[in-house]
Amino acid sequence: MNRLAIGFRLNGVAREVEVEPGDTLLEMLRDRLGIKSPKTGCDRGDCGACTVFLDGRTVRSCLVLAAEADGCDVVTLEGIAQIPGPLLRELAGHNSFQCGFCAPGVVLSALELLLAKPHPTRLEIQEAIAGNLCRCTGYTSIIEGIKAACGADAARDEAGPGGPAQTWGSALPIIEAACGADARTPPQPNSKGARP
Amino acid sequence: MPITCEFEYHKPKSLLEALEVLARDGKNASVLAGGTDLLVWMKEGVRAPSAVVDVKGIGELHRLEIVDGALLAGACVTFTELLESAAVRDSLPLLWECSRTVASVGVRNRATLVGNICSAVPCLDSASALLAYEASVLVEGPVSRQIPVTQWFLGARETAIRAGELVTGLRIPLPDRKSGTCYVKLGRYRGEDLAQVGVGILALEGREYRIAFCAVAPAPARAARIERLLHGHDLSAELIRQAQQLVSEEIHPITDIRASREYRLHMAKIMLGRGLRAAVERLAGGGPALGESVI
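Chains as they are written, first to last, in the working numbering: chain A, 1 to 196; chain B, 1 to 295.
Any given hint could turn out to be false.
Stated by the list, open to error - With the C-beta cut set under 7 Å, the calculated list includes, among others, these residues of chain B facing chain A: (1) I3; (2) G35; (3) S104; (4) N109; (5) G206.
No lab work stands behind these hints, which were simulated from the structure alone. Note that beta-carbon positions come from the ideal geometry of N, C-alpha and C, so glycine has one too.
Okay, chain B solo, but in the shape it has when bound (with noise of 0.2 Å):
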């Protein structure tokens, strides 16, 4: 399917020069970075931007390092990049699990994780991780903004961003204290999918736990119910058991041609058990190894 709108392709050098062209072109620009969603969008006629701007020329956008206690990753760091750094994977396991069943390598290998937030579809893997470690967006623009990336997802492909506005990177702080993680997600099959339902866990020491759901809302979010019950507890069956009673409460999913609302609530309900019981396990030295499936 060719892509029959027409636009101008730009490859700015600089953040001021990409920002001059989203000034200009606002609402009819689309910025490209992987391009994993935005051609198939342009493919689809769901986007016809008559400006295209390609932020990969510009330099500081590449960096993805620690600073200050967080992670910094600018707007071009792909999954295959996140995957391939140790700090990713030593500091921040839960975006590392995460990135691992974003796609397939050669999407991974151009797909990045703010093109993932920007695109906001419902099942996006990566914001169960974002906002378990409460990550904040960058966004440069008339004004610079951070944003909390809770306040980030606003519905289903709908995010806080304005018009001339250019998210820059991420901002992912490193828990303060040690801390257990897993992320569980259910595809069709194990492989290339995308999530029916993703749930990400974060188990800080001092028992403290973090939720986040992903594919079973318009947006993804925490569950602050479920964090509240678990809040000072150590994990024990009838605990996970009134966890698992929230999941109702928490999440809102549809059925769509991938799953039926049923499937996914009950299905949610078991990858928070086991997935609580995984992170707990990690966080005391044991568990399965960092990437193997629960479920």
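Looking at chain A on its own, in the form it has when it is part of the complex (with noise of 0.2 Å):
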């Protein structure tokens, strides 16, 4: 079988990988780079555990041909987990996640989300979760943590240490830039193409 040698760029680092051409962007993440945060659910788009940033969107990673994300953006909950942000501190504040297998897909999920829209109603937070099978929370912890994150809970924001300098804003334009939409840096594909 002919290997395809792919360039993109994995959390800001360009990388370059030879995969072959059934190898799902999952399984390239997982297995060959070591990037654990995406899992492996039901692998047939349904659940939502194997969420990444592709291009700046919300993919299922199991749908996606590793030979797809050539020249691409791929950004993980690895990525996210470097930059500081209410997002992840809501979360973690709110008991959001029990076991956590769902965590990676909620929060780029709620990411995205807020990315667009910065202070969502509820309704628009469940929407946007919708994909993500969750069976420990009963996603009420999820949503309450994600509402905080969007400062609909201020008074916390305000007792709490660095007050309420810390909202999303802060952090939007580094995130931004994570997930691919600074476009002075575009990643490159491999310069001989995903072609065998």
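Please dock the two separately framed chains into a single complex, following the hints provided.
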């Protein structure tokens, strides 16, 4: 079988990898590159556990061929976790997760929502995370955590260390850069292209 | 579940290049756009192509624009792109409302409208909008064809496409009159689920109604008898009751893991009634907000 040489940016770092045509993005990330936050759950796009950002949008990495990532910008929870911001802090503070299996998908889905809509309604939060199955929490603690992160729970921010300054807005440019929204340094496809 | 079939991955930069691969590999080639159905089928062994043609590198297949009174949506246009298009929301609200109910954000970011009609599973949400707006499927291959969407769906997962052909997009005419629409979807819960019953309604000024069902027969279809009954009339409780009586002649639901035939029939009648009322209210400038469920 012809192996394909692909090039892409992973959490801001350029990578070159050889893949089989049938490798999924999820398999490449977990088995070849040691990125373990995306999980193999249903393996058919229903559960959201394998969610990653591909060119700034959440995708099911179990339903994307690794070859399709050639020239793209891939961001996983590992990349997001380096960014100090209210989302992870509030999710932790609200005990939003128990086993944590769904957490990477939920965090990235919430982040995608908040990037587009900094002050979503509860219904919009529910719709944004609808494709992420959590079997522990019943979702309430997750939704409360996300609401708090987007400033709906302002009292908590004011009382906490850092005070009101630590709002979503200050973290936004960093997140956008990590997600590939910074057009100044676009990733380059592998020079040979994703062709055999 | 890994993909076990061996295939060559092609990413053509032009339509011509794509058609060459499809002409050479014929039925053994699979077209890849969003991949949200194709990869599942490859994992399950339902499809084992020798060539996968990723068409996302073909620029013209990404177009989404209104030309000569119709929306042209290329084969690579995702549901997210449709939902973010003000033109779609304003001019083709039924398509917008259908798109909103497809799977989840992470799937809609990848899944395409054209992929949806090429997969042609019976419960595809987008079909009722395409049938109501009387869209055409744009096909390239040995010859160029424009296939009315009413002739596109031949059965469950069966379409009018031939080996060596590629669907390049859809042409969806904008209604020539003021209209009100409503898509009603029944799932097991609100949120990500396949439709147990779906009905799309387009009410046009001048008392014309177009109604299309999905998930209640092998292929989605217009409800011609109900449309004839309503044609030229204002809606009344009695007329809606008569329309509901015709539902069992129009649709042929089955019992499966998600719902029984009886439940689907019963709900289809209720959904038709509420959808008709909502579409007519919206035509008059009121009614529930677009995207708000009426069941």
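Structure-based check of each hint:
{"no.": "1", "hint": "I3", "result": "holds, 4 Å"}
{"no.": "2", "hint": "G35", "result": "holds, 5 Å"}
{"no.": "3", "hint": "S104", "result": "holds, 2 Å"}
{"no.": "4", "hint": "N109", "result": "holds, 4 Å"}
{"no.": "5", "hint": "G206", "result": "violated, 35 Å"}
Violated hints amount to a single one, hint 5; each of the other numbered hints is respected by the structure.
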